[in-house]
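Enquirer: Model the full assembly from the supplied sequences, consistent with the hints where possible.
Following the working numbering, the numbering of the sequence shown begins with -14 at its first residue and continues without gaps.
Everything labelled a hint here was simulated from the structure, so no lab data went into it.
Yeah, the Cβ is synthetic: ideal placement off N, Cα and C, and Gly gets one too.
There's no promise every hint is true.
Stated by the list, open to error - Distance windows between CB atoms, simulated:
1) E90 to K139: 39 to 45 Å
2) R189 to N85: 20 to 26 Å
3) T253 to F120: 37 to 43 Å
4) T241 to S(-1): 46 to 52 Å
5) E146 to K81: 40 to 46 Å
6) T24 to S144: 42 to 48 Å
7) G204 to T22: 51 to 57 Å
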Amino acid sequence: MFSVSTIEASCYFSQQFQGEYMMQNSANAGGGIQYSTLTITPNSISLWGNCQKRINNNVILMFNYGNTSCYTCLHLKLRSTNVLQVFASSQEIISKCFTNEGSAEANCPSQESLQTRGETAEILLFKTRDDQGVFTQKQYCPIDGKYYTSYKGKNPLRSQECVGYNSTVDSCPSGSTLNFRLRSCTFDSYDLRFECLGHWKGPRDETFLVFTDSRHLEGQKPKFRCALYKQDRESGKIDMAVSRDSTCTSDLYNATNGFETFVLAPKTENRWPPEETPWYTKIIPHLKLTQLNVLECKKVEKST
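Expert: In structure tokens, the structure reads:
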């Protein structure tokens, strides 16, 4: 049995890091994903041990296994309120430890290795509760508006794609959910939702986007997904590729090459004439933005 030992007072995790997280534990060829739960307290991470020493964003953690101390060095990047990215110098480092602090420190991820995708091993932690035990909330999706979309998925057994302008995407009404309606496909039509958890700058003017995938409810896809997307500033067209599992590395290479790919083309809509104001803003001037979005969405639905 291992035990958590006394730590130095100077090594701790701030409140924004603290809480309960889920992380991918394993993935199999059939697409099934297993998750495990871990907790970050002010001075420890349940899976890796006590906060022993902090070197910028690198942290050395220590577990005691009987009479033996076990040290690991990880690099932590809080990408959003809900997403914590963990880096190690190699995949082996994540699952092993060193018997002395000096060896662990010598194997911390370097700043140079963190600049290039694939140079380090990485894990995504998805926060489900904060330090007070309160469930976390969805985050704003940087992809907003209404689009036509095409879709293509990797399946060695049969073609998976949707073409034409019958499939649509919108962020109505909350701005934190992407609603997909896949039609004219080589499979049965269906709807899905991506509920956003966070986003951050990626390589080559691309952006990482992490979300929950509603298809996990039917066991079709992992619950947590990672995507890369890029938007053309002139046309507004968006290329987006999604990873195979709950990492940002499995079958995700760039915004046009991933396990699943989407191409979003902006829909042109009839805007309110500049001299007119929607009737409901005059009658109910105190409506919140999300309520106005609901009414706008209903207006668009009736006009299509």
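Enquirer: With respect to the beta-carbon atoms only, verify the hint that E146 and K81 lie 40 to 46 Å apart.
Expert: Holds, at about 42 Å.
Enquirer: That 39 to 45 Å hint for E90 and K139 (C-beta), does it hold up?
Expert: holds (41 Å)
Enquirer: When you take the CB atoms of T24 and S144, is the distance between them in 42 to 48 Å?
Expert: Cβ of T24 to Cβ of S144: about 44 Å, so the range 42 to 48 Å holds.
Enquirer: Measuring from beta carbon to beta carbon, are T241 and S(-1) in 46 to 52 Å?
Expert: violated (37 Å)
Enquirer: Falls inside 20 to 26 Å, the C-beta gap from R189 to N85?
Expert: Given a distance of about 40 Å, which is not inside 20 to 26 Å, the answer is violated.
Enquirer: For the pair G204 and T22, does the Cβ-Cβ distance stay inside 51 to 57 Å?
Expert: violated (20 Å)
Enquirer: Taking the beta carbons of T253 and F120, is their distance inside 37 to 43 Å?
Expert: Because 38 Å falls inside the window, the suggested range holds.
Comparing the model with each earlier hint shows violations of hints 2, 4 and 7; every other hint is respected.
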